[in-house]
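As they're listed, the protein sequences go chains C and S. Okay, so the first sequence: first residue is 457 according to my numbering, each after it adds one. Okay, so the second sequence: first residue is 4 according to my numbering, each after it adds one.
If you're looking for bench data, these hints aren't it; they were derived computationally from the structure. Beta carbons: idealized from backbone N, C-alpha and C, even for Gly. Check before you lean on any hint, since a few could be wrong.
List of simulated lysine-lysine pairs, DSS-like, C-alpha gap at most 27 Å [what the hints assert, rightly or not]:
id, chain 1, residue 1, chain 2, residue 2
1, S, LYS262, C, LYS568
2, S, LYS262, C, LYS468
3, S, LYS52, C, LYS693
4, S, LYS297, C, LYS695
5, S, LYS87, S, LYS254
6, S, LYS254, S, LYS366
Listed next, the stretches of chain S that the computed footprint assigns to chain C, with coverage defined by at least 3 CB atoms under 8 Å from CB atoms of chain C [as the list claims (entries may be wrong)]:
id, region
7, 48-57
8, 99-106
9, 188-202
10, 214-227
11, 242-250
12, 276-290
13, 393-402
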Amino acid sequence: MKYLGIEPQKPKIAVFDFTSCEGCELQLLNKEETLADFLNAVEIMSFREASSSSSDDYDIALIEGAVSRNDEVKRLEKIRKNAKVLVALGSCACFGGVNRLKNEFDLKSANKEVYGNNPKETINVRAIKDIVPVDIEIPGCPVSKAEVESLICHVVWDSPFQLPVYPVCVECKQRFTTCLFEKGQLCLGPITRAGCNAPCPAGGQGCWGCRGPAVEPNYASFFTIVKEKGFSDIELKEKLNFFGAFQEVTIS
Amino acid sequence: MKINLNVDVRHLTRIEGHGNIKIHVKNGEIKEARWDVVETPRFFEVMLKNKHYTTAGLLAARICGICSISHCLCSVRATEDAFKVTIPETAVKLRLLAKHGETLQSHILHVLFLAAPDFFNEPSVIPLIEKKPEVIAIATRLKGLANRLCDTIAGRTTHPVAFQVGGVTMMPQKDHLLGLQDELKRSLDDLQIVADLFSTFTLPDFTRETEFVSLKGKKEYPFIGGSLISSDGVEHKEQDYRPMTNEYVDKNNTSKWSKLSRESYAVGALARFNNNSELLHPKAAEVAAYLGLKPVCHNPFMNNVAQLVECFHVVHEIICLIDELVDSGPGETMAKVTPKAGEGVGAVEAPRGILFHHYKYDKTGRIEMANCVVPTTQNNANIHHDIKSLVKKFAMTKEMTDKKLELLCSMLVRSYDPCVSCSVH
């Protein structure tokens with residue numbers, strides 16, 4: 457389909473799922489008002505959840521999910537070899553996501569608890585970047601389809617692709633959401649990267665940090681406020697660990 | 004008869020999650036006919052341990068990207084059962100509204116985006132954008148509307164934010180509800196076009212006597228809570244889900260398997276219909292009759308039709324629910340919650356079938372034990388036995404080829420709308 461007499465360049469993309477709920481892939485089929493345009497703007501070479509045709513001839517690999525079994529490591533390495541650009545899609549791919557909570561337990565006894573005397577193969581959960589180099593990360597649980605569209609524009613036309621550098625607090629102010637700290641809740645909004653439009657605080661939940669740290673977050677002030685408001689280190693740690701997005705941070 | 008057939012599907016397409024079909028027929032004898040789930044286990048039941056009750060619903064939602072609303076609602080219901088909390092009537096209605104939005108969204112996704120390409124001989128919905136633009140326009144319109152309804156009630160359609168133990172945190176604005184209601188009334192014309200389209204499809208003529216398990220409605224077609232029933236006559240209370248589900252571990256599957264009166268049973272839209280068809284909205288019952296769906300239907304391919312019939316049912320119910328909510332005005336949406344030690348069970352009809360969450364709490368409101376029995380977990384053994392039976396019925400003819408058998412078996416698995424990563428959790 458030509459536009460202004462020019463055949464558009466369609467990036468060849470492939471979508472792959474690892475350990476996850478496949479909710480991020482589902483977002484690729486959401487945002488229905490632009491869905492047909494989105495599917496027309498790209499050439500989908502492989503997308504198991506949505507299509508039966510499949511090919512290894514792709515430029516961009518979108519990876520959903522974390523790695524939690526050895527066969528996934530091999531599959532991921534093969535995809536990395538094929539792809540020119542590898543994108544980690546969503547919190548599981550970027551940080552390990554909620555799957556990482558498993559690592560806090562002894563895997564043998566976890567296996568015994570779920571599968572009894574028939575244990576299934578499993579390893580500690582790792583993010584995609586812990587296995588292969590990642591070119592672009594789009595965090596979120598689930599991922600924002602608008603950011604995926606922006607990424608596609610970036611690779612087709614080289615238009616800038618930039619996640620917000622500011623924290624979620626800014627988006628709460630834009631939505632006129634009352635600060636969750638004022639309602640007596642712990643919220644990671646002050647240190648978490650915006651771009652989600654802050655649906656959780658608007659729905660009465662403090663932010664759980666699914667999009668990872670904003671650029672240069674002021675941890676010291678944040679921890680001081682958390683303490684002043686009377687939250688314990690355990691409560692704070694639980695929030696920071698939920699999506700595995702603040703692994704590097706030590707509470708001081 | 005010298006019939007030799009081989010099907011080896013690794014990671015079946017157009018379903019959620021990872022499963023394999025393997026069929027080997029040698030000299031007319033079935034050597035192997037299998038459905039195996041190879042999804043990586045995530046150990047949610049372990050991860051839920053020691054979590055505070057305010058966190059459990061959020062974590063439980065992450066079991067599934069498609070039916071996160073069901074998982075979240077089931078989780079908070081289990082906790083409310085443990086803490087003996089009764090939620091306000093307005094919250095009951097709002098939860099059911101979101102539940103219906105999810106059912107519509109999920110069924111349309113399956114029927115039109117995942118299953119329909121088989122009936123048009125296409126590998127996916129993508130070629131249909133050019134070949135059947137009118138169908139795609141309807142599909143995206145319906146799915147978009149359902150998702151906007153979920154956004155409005157639940158705060159977000161995937162991984163909802165508004166459901167907490169005790170009720171619902173947001174009351175949608177009246178004009179938003181009425182706007183959605185107006186669109187839903189018009190969407191019935193779209194649904195009728197989809198029903199007309201389905202009346203032109205030929206579904207494989209295959210039946211296997213199956214036991215169907217679902218909630219049993221009293222006055223209403225059931226979606227959230229209530230007693231449990233099987234089409235073989237077994238009945239239990241919601242809390243007694245274990246003797247209904249009887250999970251066990253199969254060596255070839257990372258999903259557990261379930262059984263009740265037979266070697267396996269089925270859950271989902273067809274099971275709900277078979278056990279509750281008399282409670283359908285009259286307009287939905289008309290569509291069932293129009294598409295030849297009668298209880299008790301033992302053809303698993305008819306699950307696609309049952310899903311479509313349920314789409315009509317939920318749209319009609321949403322329209323009524325919005326009227327009720329608007330007429331009654333904004334009421335209380337949250338009950339007071341005091342955590343205490345104890346156990347609770349929640350049962351919810353997720354789009355793919357009955358779902359159970361069961362938690363044991365300590366006195367500080369932290370989980371000591373969690374058990375989740377997921378719809379596709381209950382269907383996996385039944386799919387496996389269906390495949391065996393399907394091969395027996397259709398494969399033993401000279402006209403059968405590997406390719407044809409692969410398509411037939413793939414369509415069979417797809418008709419269950421399996422949510423495989425959810426089934427492993």
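Hints, one by one, checked against the model:
no.	hint	result
1	S:LYS262 - C:LYS568	21 Å, holds
2	S:LYS262 - C:LYS468	44 Å, violated
3	S:LYS52 - C:LYS693	16 Å, holds
4	S:LYS297 - C:LYS695	50 Å, violated
5	S:LYS87 - S:LYS254	39 Å, violated
6	S:LYS254 - S:LYS366	37 Å, violated
7	48-57	holds (count 5)
8	99-106	violated (count 0)
9	188-202	violated (count 0)
10	214-227	violated (count 0)
11	242-250	violated (count 0)
12	276-290	violated (count 0)
13	393-402	violated (count 0)
Consistency with the previously given hints fails for numbers 2, 4, 5, 6, 8, 9, 10, 11, 12, 13, ordered from lowest to highest.
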